[in-house]
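*Asks:* Assemble the whole structure, with the sequences as input and the hints as a guide.
Residue numbers (my numbering), protein chains in the order written: chain A, 1 to 818; chain B, 1 to 273.
I should point out that these hints are in silico values taken from the structure, not numbers from a laboratory.
Nothing here was measured: the structure is a model prediction, and the numbers come from that model.
Please note: incorrect hints may appear among the correct ones.
As the list claims (entries may be wrong) - Restraint-style ranges between C-beta atoms, simulated for each label pair:
{"no.": "1", "chain 1": "B", "residue 1": "Ala179", "chain 2": "A", "residue 2": "Arg532", "range": "28 to 34 Å"}
{"no.": "2", "chain 1": "B", "residue 1": "Asn146", "chain 2": "A", "residue 2": "Asp524", "range": "55 to 61 Å"}
{"no.": "3", "chain 1": "A", "residue 1": "Asp524", "chain 2": "B", "residue 2": "Gln107", "range": "38 to 44 Å"}
{"no.": "4", "chain 1": "B", "residue 1": "Gly213", "chain 2": "A", "residue 2": "Lys761", "range": "37 to 43 Å"}
{"no.": "5", "chain 1": "A", "residue 1": "Gly534", "chain 2": "B", "residue 2": "His181", "range": "51 to 57 Å"}
{"no.": "6", "chain 1": "A", "residue 1": "Gln186", "chain 2": "B", "residue 2": "Thr186", "range": "22 to 28 Å"}
Claimed, not checked - Listed next, the in silico BS3-like pairs over lysine-lysine satisfying Cα-Cα at most 25 Å (straight line):
{"no.": "7", "chain 1": "A", "residue 1": "Lys34", "chain 2": "B", "residue 2": "Lys67"}
{"no.": "8", "chain 1": "A", "residue 1": "Lys297", "chain 2": "A", "residue 2": "Lys328"}
{"no.": "9", "chain 1": "A", "residue 1": "Lys325", "chain 2": "A", "residue 2": "Lys297"}
{"no.": "10", "chain 1": "B", "residue 1": "Lys162", "chain 2": "A", "residue 2": "Lys34"}
{"no.": "11", "chain 1": "B", "residue 1": "Lys67", "chain 2": "A", "residue 2": "Lys761"}
No residue lacks a Cβ here, since even glycine has one placed at the ideal position from N, Cα and C.
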Amino acid sequence: MTNHWRDIKNTDLILINGANPAEAHPVGFQWFLKAKLDPSRGPGSGGGARIVHADPRFTRTSAMADIYARIRTGTDVAYFGGLINYVLQNDLTHKDYVENYTNASFVVKDTYSFKDGLFSGYDPTTRKYDVAKWGYETGSDGFAKRDINHPRSVLNLMKTHYSRYTPEMVSRITGIPQDQFMRIAQLVGEMGRPDKVMTIVYAVGLTHHTTGGELIRSGAVLQLLLGNMGRPGGGMNAERGHANIQGNTDHAISWEILPGYMQIPAPERKSIDDYVAKQAPKKSDPRSWNFFGTNYKKFTVSLLKGWYGDAATKDNDFAFHWIPKPAKNSSWMSIYDQALKGKMQGLMLSGMTATSIGPDSNRVMQALANLKWLVVMDALPTTSSEFWRRPGADPNAIQTEVFMVPTTHWIEKDGSFVNSGRWSQWKEQVLPPSGSSRHDHWILADLFQRIKKLYQQQGGKFPDPIMALTFKYADPSKPTLDEIAQEVNGFDLTTGKRMAKFADLKDDGTTTAGDWIYTGSYPDSGNLMKRRDGIQDPLKNDPTGMGFYPNWAWSWPLNRRVMYNRASADLDGKPWDATRPGIKWNGEKWVGDVPDYPASGPTADPKSKTSWLPFIMTGEGVGRLFSSSMADGPFPEHYEPMESPVQNPLHPSQSEDPVAFLYTGADSGNFKKVKDSFGNATDYPYVATSYRLTEHEHYVTQHVPLLAGLQPHPFVEVPVELARQKGIQTGDRVRVRSKRGKIEVLALVTPRLAPSLIDGKQIFTIGIPIHWGFVGVSAEQDPTKGANWLANALTPFVGDANAYTPEFKAFLVNIEKI
Amino acid sequence: MARTVGFFTDVSLCIGCKACEVACKEWNQLPDNPVQFRDSYDNTGQLDHRNFRHVRFLESATSNPDKPVAWTMMSDVCKHCANASCLEVCPTNAIIRTEFDTVFIQQDVCNGCRNCISACPYSVIGFDSQSGTAKKCTFCYDRLQNNMTPACAQACPTQSIKFGDLAEMRQVAADRVTALHSQGQTQARIYGDKEYGGLHAFFLLNDKPEAYGLPSTESAVLPSRNNAAGYLGVLVTAVVAAIGGLIAFRRRGEAGPERPPHATDEPGSRTVP
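*Replies:* Okay, structure coming up:
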């Protein structure tokens, strides 16, 4: 989230897309209801904030919304694009904000173009764009030219681009009736006023698409046009799954980044300087601070010093050559793709069950069976630990040796959880570990010591990164999470003290930072993640009254509660809305939230000619309505899901995302063959989407009888009209097939799903909750033992062009009564 | 310590998360429900000896284009009536009114006659064949005695279930109705001001009580004692109850049914083994 949960109470209008907070985040949902109950909020004369829920399914969130719009899955770019067009055509943008705080006035090079669904620079053989074609026109000083009236200004290009997203076109693509879309547009159109503010809330309903990155970006672009980024009650807010998915990405449990969202170095990078020059953001305006780009080297060196200690020296470029530099996509799906190709010996799974969570479960299980060994580290049996003896499998035919290593559950250890609002909150151990279970990090530490010993005894290829890795824990086989938290925060190696802020990190090897965005979470004064100054005393603990509670836990970066908050104030430093201040200039310094800006001095003073532009993390210094850092286009464009019931009404010749990531497996490079392997609307006429329910947490609660009783049996939700055609009633067993697999579960017939009119065709959506498999209470008690219960047996093995996220949320199926 | 407490359950804030059901079961150590599919979102089915809170899901199509489905969730519970039928018909005085003005079944006094089960107009009581006693919401009597909030209200993430002194709860509810009316939700109303002498667990509804399967305000009264017909009714009930009690007493040794005989499935719901 750019903002945080409690902040939602500050808003006037809540757009929810690709999310179901009432079910997935019931505790966070209290803030939606508080906004709704507050008579001082809302469009028009007020009377409570409004909630607009756009979703293919009418959910428990829709039940609490003011407007429910039935949108076809994966078409949110068309929805947001339509809203962008509406505010541009009707002159409803926040003009001061757009002119000064976005790149609306930047002039784009004439090599940029868009025609028939393709941006310039496309190479069909590699399925990639040359993004350099989408750069800014630069002046003699090397900076981008700015002229908002130029025909190729971002604003003018944008107006042209989105002029195609008329209400009629939005309706053809999304299925939302035009009159309803206009009612939503009118509410949204009010939110460009400085005294109004809107928030957009999304979750994996946007990310789980081949166009996931652009789906989110289209919402962010709308928020920039309305001047809602950086403001309390505004922002682009991702609801994160589980308790700690935010911490997961922050600490780079993802192949393409280093801790703190620095890019993984490309294979050709031979030095830190080369890496920073090629991969850090570049300053494109004289008044841009470019804070990230400017400090990239400091963060990199401090990370390397944290990892390699004394072995990282100026002379060896701080051991930069020891960082892995993956030559190709190494994301989640590629692991199993590689296993299928026979290129992997073994796999260790920790904190997740590959068999259930990945797309195309049958392919994943094939991949697991292709390994020599599999280690499952988990507190409870999972579908991965049991895949070799699943119903219908012949254990003798599976040669993979499977090790189950019992781990502690999170309730059996201390440590931090980072919530959606970026708050890192320390928790205590509640129960002692049961049986012989060990913490995941103890297992890894023990394993590391043993591997290191083997290298010592036997030598081996490339031992340096292992032999030199710092491991300064009191007990190297049992590091405490407190020690690790200090290491993440980082040290001043000269004084031995812990760092207080990342601005003090250095590129000369005298500081460390395990993850620069967490520098400051554990300064010398102690673990700030343990702070609990909350609603016991709101007057003292929330002095601004905006719900920041600065001494409750700690939020990255620097305990800032709303990111980009310089944009919450006007050019003079006054809040756009005095009743909802983020930060304000008091004549000497910025006060309120922790400023996302220098706190004082000539680069901070709004009256100073040398004050920085507001978005300090971008090279431009402003928010990007147009961006060359996306793989599939500088403006979000609607593309159909890889499996779709219709051709793209905008450009039928280029229906799906031209750079969606295809896994060609053994047919290396044969994109056509892979594309042909997807299902078509003749054989699989119904759209399907997968999702979670309140009553379960992914797959783990299958072991909790109390929760299994609340949602005891896998089911699919079927629209009444389709059920009537097929003779299906609630409680009937049905078979749902996709091109990849099938599930055999019960039907729930409901008016909450209904047909949509898409480009003149009646289209049905079938809803598929994901929680069941062949492990757990429900499976044990069922005669089939949970055979054909894995929802992901249906989902396609294809990735988003930018993040390689699988398309769990849009695919084609057929359904029949058994 | 003695005080009159109340539950105010605001249907307009319920998101159907069932945290109340789970918290109640955990605190009161109630047995798990059998793993069976009813209609998927409500697999609890009813209030009984295993379930002291039950989130009902009421779903119907509407003609409002911006809200094509009316999907109401309501966390149902024992109403702790001021004029409690169950208490009136209990032959052993197992059912008492506590110092918190709540209605409580003393498990060590209950003889399992099931009169209360038949008498309860809201079908909240269930028969536990293991213990041979009738069970229902205790208003977390043990927590009240320790000055704690009942488990369901404590767990409710949206404050749809509010707990406090009854008079204060009634005021909160009245203010909430006023606010909803001013926002155009004119159907909002309180259920439980008058019914059965006033319900100590009362509700804010968005529709007629009948839409939620609750008896209408007019019919939610105990027979009056000044009314001859009413007296007769009470007498007949008492005689039937006494006979019923005797029969039940004689049958105590036999295995009881899993569920109270009156507790049929909700219309439209199905049980699939």
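*Asks:* Each hint should be assessed against the structure and marked as holding or not.
*Replies:* A quick look at each hint next to the structure:
At about 32 Å, the beta-carbon gap between alanine 179 of chain B and arginine 532 of chain A stays in the expected band of 28 to 34 Å. The given range of 55 to 61 Å is broken by asparagine 146 of chain B and aspartate 524 of chain A, whose C-beta atoms sit roughly 42 Å from each other. Against the hinted window of 38 to 44 Å, the Cβ-Cβ separation of aspartate 524 of chain A and glutamine 107 of chain B comes to about 57 Å, which falls outside the hint. Taking 37 to 43 Å as the suggested C-beta distance range, the pair glycine 213 of chain B and lysine 761 of chain A conforms, at roughly 40 Å.
Checked against the hint of 51 to 57 Å, the pair glycine 534 of chain A and histidine 181 of chain B fails, with Cβ atoms roughly 33 Å apart. Here the CB-CB span from glutamine 186 of chain A to threonine 186 of chain B is close to 24 Å, well matched to the stated 22 to 28 Å. Distance restraint check for lysine 34 of chain A and lysine 67 of chain B: the Cα-Cα separation of roughly 20 Å lies within the 25 Å cut-off, and the hinted pair is therefore satisfied. Distance hint between lysine 297 of chain A and lysine 328 of chain A is fulfilled; the C-alpha atoms sit about 24 Å from each other, no more than 25 Å.
Only pairs whose Cα atoms come within 25 Å are accepted, and lysine 325 of chain A paired with lysine 297 of chain A is accepted, the gap being roughly 17 Å. Distance hint between lysine 162 of chain B and lysine 34 of chain A is fulfilled; the C-alpha atoms sit about 15 Å from each other, no more than 25 Å. With a C-alpha separation of about 23 Å, the suggested pairing of lysine 67 of chain B with lysine 761 of chain A holds against the 25 Å cut-off.
This entry does not satisfy hints 2, 3, 5, going by the numbered hints stated previously.
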